Each structure stands twice: as C-alpha cells, then as structure tokens.
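Colleague: With the hints as constraints, model all of the structure from the sequences given.
Those protein sequences? They're chains X and Z, same order as listed. Mapping to the working numbering: the first sequence position 146 is 352, numbers consecutive. Mapping to the working numbering: the second sequence position 238 is 261, numbers consecutive.
Mixed in with the good hints there might be a few duds.
To be verified - Straight-line C-alpha distance at most 20 Å; calculated SDA-like pairs for lysine to any residue:
1) Z:Lys59 / X:Glu234
2) X:Lys482 / Z:Asn61
3) Z:Lys91 / X:Ile404
4) X:Lys383 / X:Asn350
5) Z:Lys48 / X:Asp478
6) Z:Lys94 / X:Pro269
7) Z:Lys91 / X:His412
8) Z:Lys48 / X:Glu234
9) X:Lys285 / Z:His250
10) Z:Lys253 / X:Pro256
11) X:Lys285 / Z:Phe252
Derived from the structure by calculation, the hints contain no laboratory data. On a predicted model such as this, the values are computed, not experimentally measured, just so you know.
Single-letter residue listing:
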Amino acid sequence: MDISVKIGSLVLKNPITVASGTAGYGEELSQFIDLSGLGAIFTKGLSLAPRKGNSGSRMIETPSGVLNSIGLENVGLKKFIDDKLPFLIKKGAVIIPNVAGHSEEENIELCRILSATEGIAAIELNVSCPNVDEGGMAFGIDLNIFTKLVEKVRRVTSCPLIIKLSPNVTDISLFAKRAEEIGADCISAVNTFLGMKIDVKRRQPHFLNRVAGLSGPAIRPLAIRSVFQIFEKVRIPVIGLGGISTLEDILEFIMAGAAAISIGTMTMVQPDLPIKLAEELINYFERENIKNISEIKGIAHKKNRRD
Amino acid sequence: MALLINKPEKISKDHYLLRFNIHGKIPLPGQFINIKINSGTDPLLRRPFSVFNYTDSITEIIVRSVGKGTKELVCAGCGEFDVIGPLGKGFTVLKNRKVLLAGGGVGNAPLYYLAKQLKEQKNHITFVCGFRSEEYVFCRDRYKSLADEFHLVTDNGSAGEKAYVTDKLAHLIGTDDYDMLYTCGPDAMMSKAVALSSKRIPVEVSVENYFGCGIGFCAGCTVDTLHGFKRGCADGPVFDGNELLWENI
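Modeller: Next up, the structure:
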C-alpha cells in the first residue's frame with residue numbers, strides 16, 4: 207500500500223496533516239502525538255516581525271463550530287527560525303510554514319527567506335485570513351491582487367508552494383485555476399468562512415474586529431463543495447480541510463478530490479486525533495484493498511477525469 | 024479517560040459537585056481539567072474546570088450550570104468521560120506564612136484545594152468566601168474547616184456578613200499583615216482585590232477566560248499583561264495579579 211502524497215517535489219508520507227493556526231509550532235502538540243507520524247505540520251501564520259494579534263475576545267463556540275479572531279498572533283520570522291524550527295526538525299516533523307504577511311513585499315520577503323531555509327519542506331501562502339486589517343483575506347478575494355501576489359511569490363519561492371484559499375468568494379475554483387497557471391504546486395482549501403456573533407446583552411458585535419472566521423464541523427459541507435469545485439478545474443493536488451473529525455469526513459474530502467487533508471479545529475478538541483485518523487485511514491485502505499489514494503481521489507465526480 | 028463516579032451532586036443553586044477518578048498526574052492547586060462534554064461535536068470545545076479537591080486519584084470539581092455545555096454536564100450519569108489534565112500553571116504554595124484567600128462564587132472552587140495544601144504547609148489561613156446570596160453558598164463547612172479565620176460574606180447578607188468580598192478584603196488588609204493574597208472570582212472583584220493589595224502584598228489570581236484548546240497552541244485565550252499577551256490556559260490560569268493589565272481584561 208502506498209499512502210504517500212506528492213506535492214511538487216515534496217513527498218508526504220501520508221495524507222494527514224495538521225492545519226495552520228491550530229497546531230502552534232508543534233511544541234504543545236508533541237506532548238500528545240509523534241509529529242513525525244504526520245504527513246506535515248502547517249505552523250502558525252508567520253509575519254516578518256512578531257505580531258501581537260487581536261485584543262478582546264478571540265474565540266467563541268458556535269453550533270459544531272468555532273468563531274475565531276486571533277489576528278495572526280505569531281513569533282515573527284527570526285524567532286521562528288531560531289527557536290521553533292530546530293524543535294520541529296528534532297522531532298522529525300515535515301514542516302510547512304504558513305506565510306501571512308501584511309503586504310506583498312512582506313510575503314515575498316518571507317517566502318524568499320523561508321524557501322532558502324534548511325528544514326522547510328514547502329511554504330503555504332495564506333491569502334485568506336479574515337482577521338487582520340491589512341493583507342490577509344484582501345489578497346484572496348480580488349483575482350487581480352491575488353494574481354500579482356502569487357506571481358511574485360512564486361518567483362522567489364524555490365520550494366513547493368501551496369496557496370491557501372479563502373472560501374469567501376463567489377467561485378473559489380477561479381483562484382485555484384489561477385494559482386495553478388502561475389505555477390503553484392498545491393492548493394489548500396479552505397480557510398475559515400467569514401462569520402459574526404452579536405452579543406445581545408451588550409447589543410454589539412462580540413468581537414472587537416466585528417467579523418471572525420468560522421471553522422469546525424459546521425463548515426464541512428461548504429468545504430467539501432469547495433474542494434469538489436476546485437478539483438474540476440485544476441490538476442495540481444488539493445489539500446482539503448474544514449471541520450474534519452472522523453475517518454468518514456476524510457474520505458468525503460478525498461472522494462471530492464483532495465489528495466491530502468488537514469485537521470484544524472478538531473485538533474484543539476482532541477490533540478491526538480490526527481494520528482488516530484491516520485491509523486484509521488490505513489486500516490480502511492487495508493480493509494477496502496486500496497493500494498493507492500489515487501484509486502478513490504475525486505471518485506465522486508461523475509467522470510473521474512484523471513484516471 | 025476519566026470515570027465520573029457519582030451522579031453530579033447539587034450543592035447550591037446552579038452549582039454541582041462532580042467526582043472523577045483520573046489516573047495520572049497529581050494536580051497542583053490552581054490547575055484545571057478539560058472535559059469533553061459528549062462524544063459529538065456540539066458542544067464542540069472542551070470545558071475547563073479548576074480542581075476543587077484531590078484525594079487518592081479522585082478529582083473533585085465544581086460546575087456552575089450556565090450554558091449548553093455545563094447544563095449537559097450536570098445532568099450526566101456516571102461513566103467514562105474524555106478528560107485532559109491536570110493542565111495549566113497553579114498557585115505558589117507558601118510555607119509557614121500568613122495568607123489571605125478570597126473567592127467569589129464558583130471562583131471559590133480552586134481555593135479549596137489551595138487552602139488544603141496551604142494548611143499542610145502550616146500557613147495561617149484567613150479565608151473570605153463570597154457569594155451573591157445564601158442559595159448560592161456551597162461547601163461552607165468544608166471551607167470553614169480549613170481556615171484559621173473564616174469569613175462568609177454575601178451581597179445581600181442572607182448568609183454570613185452583608186458585604187462584598189472586596190469590602191471585607193479592604194478591612195482585613197487595612198488591619199493586618201499578610202504574606203500573600205490568593206483570589207479567584209469575577210474579573211471586577213479580582214481587579215479590585217489587586218488594587219487593594221496596593222503592591223504591598225503579593226497577589227495571585229486565577230483567571231476564568233474563554234479557553235480554546237486548553238493546552239496552549241491556539242492563542243484563543245490570551246490575557247494582556249505587562250509582558251505582552253499571555254495564554255490564559257498554559258501561562259496561567261494563575262498569574263501574578265500585578266502583572267495583568269486589568270483595564271484590558
């Protein structure tokens with residue numbers, strides 16, 4: 207059985223990864239799981255300088271979901287490379303930093319430096335964070351701005367480049383297609399959906415930033431649909447994410463077209479879930495006599511174009 | 024995994040005592056356990072509860088039934104629960120000192136286990152146990168048995184003395200010397216308690232903000248401090264009260 211996944215020149219040993227934002231830099235998670243058992247770890251969205259993140263309430267639960275307004279709190283590039291990276295390397299993790307600069311220039315600089323840094327397996331460009339004033343989702347909802355950024359980032363990124371898309375657009379597959387045309391190696395779909403919570407006692411938005419990002423099982427059907435639509439338009443691999451909590455959820459994403467998946471919100475609830483699901487997936491492949499993930503990838507499409 | 028060994032016992036209005044058999048590390052006072060309410064996805068996040076008491080693998084917690092998750096939890100029958108913990112940073116347990124403990128409502132919970140350990144370390148304990156009114160008072164005798172000086176106060180005087188916790192603290196701090204003030208309760212109460220100590224007495228507070236993962240990687244529960252944002256769950260829940268920027272909390 208071969209459960210490895212190819213992303214450009216990178217080969218993930220299995221399709222189970224942990225998503226950016228809900229894995230930190232792996233330190234806490236490594237107390238619960240062996241990071242080297244994962245396909246990859248996507249670390250917290252990174253900026254050049256450390257970022258404090260948003261003030262006030264940052265998280266609230268919704269039915270089967272979570273609204274967050276963290277605001278890309280992170281340690282900054284220097285500390286990431288000096289302090290966080292060595293730990294992850296020591297743990298044998300496949301490390302994919304999520305790059306979330308404020309500006310085009312910042313993203314370019316981050317990608318240039320990171321892709322030349324030893325121990326970095328690939329870069330995930332975040333054009334989809336809904337919780338910051340500058341940059342963030344603005345890069346991911348306007349196709350012209352998106353195109354310019356991805357073109358420039360691609361030029362300076364020597365390692366595999368993954369683009370994490372925003373679902374807050376009319377047709378997400380247009381962005382995926384454009385990323386592919388520019389030469390991105392992979393698509394991550396999806397980041398959080400824009401949501402909001404009103405505090406009825408105080409008669410005002412719950413979050414200081416008013417809007418927030420919705421994740422968790424609540425968004426799963428929306429994410430499945432996004433991956434399904436993207437798969438129809440691109441040939442590069444898609445990493446599916448959005449509320450995965452069971453083996454069945456993973457299979458849904460794969461059958462919709464995902465080559466790999468990320469566990470995000472549910473890692474917060476059950477930190478050992480990613481490894482448990484990797485084991486369950488292997489057992490499923492054995493049970494169903496599946497030799498390679500490509501046998502079921504995108505199988506839910508009427509015509510399985512790729513086989 | 025943890026075993027809920029008794030049905031949740033109602034100990035006052037909205038408050039329940041839950042007893043879990045958890046094999047694992049012995050908790051430090053101020054630490055919490057993070058409980059998955061059911062095996063589904065709603066409620067989704069775990070609910071954190073500070074350790075009220077611990078003896079021979081039995082961890083007791085006090086649950087205030089306030090929302091969907093806690094309402095479901097207090098109606099639970101005995102059986103297995105998915106519990107992570109003990110987690111977080113606890114209180115500093117002094118030795119042979121004179122200490123002041125002040126709790127408000129369910130915030131009294133972590134102070135019981137703390138008082139127990141402080142007593143073992145031969146501290147002189149003054150305990151101010153505050154509740155809104157008599158119907159909310161829980162475990163009065165258990166608290167009283169640990170304290171050298173015990174003061175029960177309620178907002179309306181229906182049990183103990185009619186006073187706010189902070190009124191009582193102002194009086195005590197004004198008339199006697201203490202080596203440490205430990206407090207847990209509503210933010211407004213803790214903030215005032217810290218102000219009352221006016222930096223003469225070290226203060227440790229246990230914050231009760233909204234936790235995401237409970238183990239420190241999601242950055243969802245930050246509290247603003249003199250040294251920047253800290254994680255409520257992993258850098259706390261116990262903090263030096265003078266380090267917190269109370270106006271931002």
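Colleague: Any hints this thing doesn't respect? Which numbers, in order?
Modeller: As far as the earlier hints go, not one is violated by this structure.
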